[in-house]
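> Those protein sequences? They're chains A and B, same order as listed. Take the first sequence: its letters are residues 1 to 657, numbered as in the numbering used here. Take the second sequence: its letters are residues 658 to 839, numbered as in the numbering used here.
Hints in this document: simulated from the structure, not taken from any laboratory. C-beta atoms are modelled at their ideal positions from N, C-alpha and C, and glycine is treated no differently. Each hint should be verified, as a subset may be incorrect.
Here are the simulated DSSO-like cross-link-like pairs (lysine-lysine), alpha carbons at most 30 Å apart as the crow flies [claimed, not checked]:
(1) A/Lys247 x A/Lys303
(2) A/Lys404 x A/Lys204
(3) A/Lys224 x A/Lys304
(4) A/Lys533 x B/Lys735
(5) A/Lys404 x B/Lys735
(6) A/Lys239 x A/Lys257
Where chain B lies over chain A, by a calculated footprint (3+ residues, C-beta under 8 Å) [stated by the list, open to error]:
(7) 223-229
(8) 473-484
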Amino acid sequence: MSDQTKPRIGVYVCHCGMNIAPKVNVEDVAAHAGTLAHVVVARDYKFMCSNPGQDMIINDIKSLGLNRVVVASCSPRMHEKTFRNAVKSAGLNPYYFQMANVREQVSWVTHDSMDATEKAKALTAAAVSRVFFHQPLSTREVPVIKSMLVVGGGIAGMQSALTCANAGYQVYLVEREPSIGGHMAKFDKTFPTLDCAACIMTPKMVDVLQHPNITLHTYSEVEKVEGFIGNFQVTVKKKPRYVDMEKCTGCGTCMEKCPSKKISSEFNEGLSFRTAIFTPFPQAVPNVPVIDAVNCIVLGKNKKCGACAKFCETKAIDFEQKPEFLTLDVGAIIAATGFQAVNPTHLEPYGYGRFPEVYTSLEFERLNNATGPTSGKMVMKNGQIPERVAIVHCVGSRDVRHKKYCSRVCCMYSMKFAHLLREKTGAEVWEFYIDVRSPGKLYEEFYNRVQEEGVRFVRGRVAEITDMTDDPNDKGRLTVVAESTLTRRTVRLPVDMVILSVGLEPAPGAEDLGRLLGVSRDGDGWFTELHAKLAPVSTPMNGIFLAGCCQGPKDIPDTVAQAMGAAGEAIALLSRGMVTTQAEISHIDPDLCIGCKSCIGACAYSAIGFDEARRVAVVNEALCKGCGSCAATCPSSSASVDHFTDRQIMGELERLV
Amino acid sequence: MNKASKPNPFTSISDIATINACIQCGTCSGSCPLSDQMDHAPRELFALIREGEYDMALKSNTPWFCVSCYACMVRCPKEIPVTDLMYAFKEIITRKRTAPKNQKMPDMYRAFSRIIKAKGRITESYVMALYGVKHPLDALKNIPLAVKMILRKRLEPKALSVSDPESFARLFELTEKSEDKA
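Model the full assembly from the supplied sequences, consistent with the hints where possible.
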């Protein structure tokens, strides 16, 4: 024991309203705790976390001279901080406190009331014998680097970057593609207001480019993330563009002259071609082309060409460019990596890839877009305007074999398509849906508007799409087969065009970024927020926040709101200026260390260095997370973690086994 | 048991709980080549059972039209074993004798299992003979074809048996008992 006084322990058992008390006999648990050695007082109370509950602890510390406290209640994640603060405010070191979890680990998971009471007694007794060995610990304050990193330049990343930059902080925005803009840049109109996406998007893109506080790194990827909240070191790889960004004026001559013209355009979803030197779309930001090294005659095929270089007046083409690595020091990171649309090829009954007139929703967005392959004309591959179009909802979504979740945006964008088709072509539009989900401001109104415009809604999931037609006059058209569940009959509808409203899935690379950031992903691959309701933009990794679809499917209004929320959290961190390091960190006893370096390899946070002069391992206290890998690995027992010492853990275990 | 509802006659089916996950999307009925013939196509049949309309479900002709093409089961977004359930429904309906009056299939099923019970294996001519007791016109219609097939040695007129039908009967009994328990 570090302080010389005898341990005087107080034990408090919480009823937690109807959560613990109906299952666990709390009076019994308190009475049992009262009989244990060194326990001076043991009480039970309805809500220990409430103000009167905390006051009870504080008063007892003062009046009874307690110097150790045990609370048997919920999980430490819920209220450990609350009670440590209470202990601290009574003048005690906050680490003279231990929590026994008798809610999540007992009352919620035990059927029998007797069993529950016995288990609660055992856990409380274990906490009492552990707290006996507790030692006072202290934290340190370290300064926060006043800049941040945003990963992903779609609408979420752009909005987060702009909000933080407007608050006066330096923002680095890293985007994998040659231009920022993300998926929203591909859209023509946005539901439910039918705002022109380009009109509201392009000014924001230009703002991002021109903002004095934003440094834009396009065609770049995050390679490595080190450090901790407030002090991250991020390595960013700038992929070679083969075009000098300083010299290029964006005149576009290179693209006109490039002879490799038959490359499928990613931005137009493969519906048109691009050249080997290209910008993804005319309003690209920055308006500097990149050379696709695979398809370029010089870089990919190692043959003579150089047409772009020959005609470039500013001599901006540089075939010798190499990848560049930058190190950015930031205090906070916002992940905004977005989504990708589900590829429906494997949904065989829908015939995508087999029938040319079956489109994905993103392909249709491009058909509908003035900068798209048809300059905004909604025509079939043969150039004719379709007379009847079927829109198939829930493609890949709400299906346990594909994506079990509802992708949230498909109903609304399907109805947007229906409206635009009615307006632009007058075609008959049939929506095949399971349930129409329109929970948003003005969304139900939009649904009603589309109904009034004569769009036909059939309640039934499409069973198959086939090129076999019932009527010989319909030869060449597609037949959509579904049960109309409201009229209890099978519909076999001949149509000219089918749009598959495909669902959303995490962007490729989310897995890698998750690993770099230490942010976990849920079963569907979306990044996991710290708390579904109360911390939706935070992650279990302090200082790393989430914005937009990388956390789950979202429409644009929700994405922008969440992006601003994530920015708000990041700004709160940076403006606080200091972060408290954790007290529970590892120590290596130099007298016992044998210099084997096994802890250095075991440390996931690169927090252990080696002192060559003394031939011993040394812990960097700022980087250590107190995970205990070093203590478990150390063959000489020289490494130990504060608050998790062998004596403390053995003290706890002795009571339990 | 809930006082408000009648007992569910389908609880013995091992996968019956899967229909609770049905989202009534109609993929099964839309995929079914015979749904036009059914009084309550699969989606609707599941809805009836969930709503407690067991009598309507027991009298439904739906399972009897199922041709086991498995299109419904392959496409169901909730992985409900629709075709397997149709077999289970047929068994329960046959035992409870609730099939529609004009439905002959339960008699065929019974003829089939009776001959197996007695002989340990089937002989087509005897299945038809047993079935013919209930539906003599159907059986008579088939006699000219049967004669032709017998002459060409394509149909066995004598009832064949396994070597030890008594042991087989015991096996059959035990199986039935264990099914009743389940």
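> Now tell me, hint by hint, if it's right for this structure.
Going through the hints against the structure:
no. : hint                : verdict
1   : A/Lys247 x A/Lys303 : holds (25 Å)
2   : A/Lys404 x A/Lys204 : violated (34 Å)
3   : A/Lys224 x A/Lys304 : violated (37 Å)
4   : A/Lys533 x B/Lys735 : holds (28 Å)
5   : A/Lys404 x B/Lys735 : holds (9 Å)
6   : A/Lys239 x A/Lys257 : holds (23 Å)
7   : 223-229             : violated (count 0)
8   : 473-484             : holds (count 4)
Checked against the numbered hints given earlier, this structure breaks hints 2, 3 and 7; the rest are met.
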